[in-house]
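Residue strings, one per chain:
6 protein chains.
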Amino acid sequence: MATVKLLDDAEADTIPTVKAVFDDIRAVRKSDFVNNFWRGLANDPALLKRTWEGLKAVMMTEGALDPLVREMIYIAVSTANGCTYCVHSHTAAAKAKGMTDAQHGELLAVIGLAGQTNHLVTAMQIPVDPQFDLTGR
Amino acid sequence: MATVKLLDDAEADTIPTVKAVFDDIRAVRKSDFVNNFWRGLANDPALLKRTWEGLKAVMMTEGALDPLVREMIYIAVSTANGCTYCVHSHTAAAKAKGMTDAQHGELLAVIGLAGQTNHLVTAMQIPVDPQFDLTGR
Amino acid sequence: MATVKLLDDAEADTIPTVKAVFDDIRAVRKSDFVNNFWRGLANDPALLKRTWEGLKAVMMTEGALDPLVREMIYIAVSTANGCTYCVHSHTAAAKAKGMTDAQHGELLAVIGLAGQTNHLVTAMQIPVDPQFDLTGR
Amino acid sequence: MATVKLLDDAEADTIPTVKAVFDDIRAVRKSDFVNNFWRGLANDPALLKRTWEGLKAVMMTEGALDPLVREMIYIAVSTANGCTYCVHSHTAAAKAKGMTDAQHGELLAVIGLAGQTNHLVTAMQIPVDPQFDLTGR
Amino acid sequence: MATVKLLDDAEADTIPTVKAVFDDIRAVRKSDFVNNFWRGLANDPALLKRTWEGLKAVMMTEGALDPLVREMIYIAVSTANGCTYCVHSHTAAAKAKGMTDAQHGELLAVIGLAGQTNHLVTAMQIPVDPQFDLTGR
Amino acid sequence: MATVKLLDDAEADTIPTVKAVFDDIRAVRKSDFVNNFWRGLANDPALLKRTWEGLKAVMMTEGALDPLVREMIYIAVSTANGCTYCVHSHTAAAKAKGMTDAQHGELLAVIGLAGQTNHLVTAMQIPVDPQFDLTGR
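So the protein sequences, as listed, match chains A, Y, R, U, S and Z. Numbered as in our numbering, the first sequence ends at 120 without a single skipped number. Numbered as in our numbering, the second sequence ends at 120 without a single skipped number. Numbered as in our numbering, the third sequence ends at 120 without a single skipped number. Numbered as in our numbering, the fourth sequence ends at 120 without a single skipped number. Numbered as in our numbering, the fifth sequence ends at 120 without a single skipped number. Numbered as in our numbering, the sixth sequence ends at 120 without a single skipped number.
Check the hints yourself; a few may be wrong.
Same chains, same names: a pair is fine if it fits in one copy or spans any two.
[Said to hold, decoys possible] DSS-like, lysine-lysine: derived pairs with alpha carbons at most 27 Å apart: (1) Lys32 to Lys78; (2) Lys2 to Lys13; (3) Lys39 to Lys2; (4) Lys(-12) to Lys80; (5) Lys32 to Lys(-12); (6) Lys13 to Lys80; (7) Lys39 to Lys13.
To be clear, the hints were calculated from the coordinates, so they are not data collected in a lab.
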């Protein structure tokens, strides 16, 4: 149960911006599958288009970080934010990009450790050491 | 201002468990610097020891993930949890492990995008697509 | 599956404070429907009464903000806190108060943008500009 | 720097509701000190009064939980929510109610462990065991 | 202290994309002031440009929601996410768009109430009432 | 649906570290029931072992806090973090340790109040009163 309608393909095809984005999703991913996130965003075609363009720019361009590393960072943020759908979708994406069980296990271990020390630091209200300032200012 | 005392070296030296952990931190890091997090945890020597052993096991062992990648995952979790100290300390650690400005920029971009889509997904309460189930069960 | 019993009407009728609050909910809302949140709180009649009185004072009085605007603010907070039930119940309430699809789409866009920039700001630990201080102190 | 004015005593004395609440805070706490939280809320006298009445009902009545235990629960929530002011004010309150260093250390250890396992559970999306349902429904 | 350099105008002027965005910020806002958020993002000109374009699309276009309402929603999300900088900057923006003290007080009251009921709902794990499903599916 | 396999007993028995931990869980708890959290962690035997050892050290040792109090603190953190599984499992654990309905109600009331005031404080950005500094430094 969602708070918005999830547009099926018949509905999507009637809205040119939505059709164009769905076509692009399929072309870029080389798959006919368009997941529910995009079907929900399709209620607001401009938001759908901006979000998809943003995702392509951040996750699907050549860059300094390996695509799998980007997915693992995504999982880390989604976990801390408690986003069930996002944890599932990006874990699936990471596995599709080759994440091994060993890498998944280490990812979980780092996420858990960070969760622990984040809480300890906040409960103790530890002041930032001046040595951590590396901005050159 | 912290909610606990930050033990200085003179105080730390009077508690054998604390002294042993501080000595190990210095030996492992090849640096005399012991940051405030450990000085706060030192009020509870058993907690200090467990936390340090956990950190070594997760962050400082050979494994399937590059040490820099682990630091970036740590930054991602710490950001989503709003932990100022942790963002600073692990950004400094990532830079010490060679994180370039380009990598830092991409890390920020992924963290920001995940923050955005996490919120969109939760506001729409998107149901998980069955295609994301890859556990084989 | 909840961690508390959800009191049905027969049980509610046996506890005077609960019955009085349920009657008031029905009278104020002009509907026989009492949603699960109140049925859970009914296990602690004093907490039920305080929470309902608080909700009436904040959400159901004449004031400086339109009732629909208050519901949209409620959705925004509930989204950031990851409260599934709250997102559903207040989206339904906003729709009942006339939220259009266009308004819903813009609400989602603002929530998503805020999620993104909140994460970017925290990851960069941006210091507050003194120009933002408008308290006159 | 706050987003609202913090009313000093001279300003508070000119608003009857605010003066009455501040007088009650001083009487109940047997101290002349009114902390900044109430001085900020005083900009909205009705909100100030409701919040203070709520706090008295929850934190200052005889009940099934020891007052110190309530403060420790408050610290736990405030830590997970990343509320610096709240962590400081309720740690001070807990110490004033007799929290020992050993109790504080154990509180921190539980908070840290919960932070860790919360993150692990969310990253793995563990389904709830049916054995945990004890509501009798 | 930030984790990135905050580019001053002299540095910004040497990077065409950054200069163009800063010029646009000044033109759109009719003010010479460029706040620190943009100066931090300027380290990654593409991220700066995308973020600014996104902000203009969501916050500065004609639409179904009043610009002040959008700022209040922004404050609500930023509060729940614990983003100090964002709370300050968007409270200043809301005041610049005419938010009165009465509106600010009601905004705070709704944010506080939502925070309370979000926590109560989550602690009780209240199941969603089927009546809240208004998607027509 | 989890992002990892939940190991059943037959699988667990083939991995010595996993078998040893499961045996210890059963011995310590005097119950044959091993809940899903441990079955998920079992994919990474070292993480399983560290997490179980950490839990025993924090939750199952003699100390300054009553075991039931520790469970209530755990529930408080898990609620603020929005961890459904954790709220369920630790509410069940608290009930098994004797938490009464009255105690549960008060726990909920404190969690709700803290959620409310955490949000109010953050939205107002209240500065910490110097009187709260009790560290002696």
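Status of the hints after comparison with the structure:
1. Lys32 to Lys78: both (26 Å within a copy, 25 Å between copies)
2. Lys2 to Lys13: within (16 Å within a copy, 38 Å between copies)
3. Lys39 to Lys2: both (17 Å within a copy, 25 Å between copies)
4. Lys(-12) to Lys80: between (30 Å within a copy, 19 Å between copies)
5. Lys32 to Lys(-12): So Lys32 and Lys(-12) pass the 27 Å test inside one copy only (17 Å; across, 32 Å).
6. Lys13 to Lys80: So Lys13 and Lys80 pass the 27 Å test inside one copy only (14 Å; across, 36 Å).
7. Lys39 to Lys13: Within one copy only: 14 Å inside, 32 Å across.
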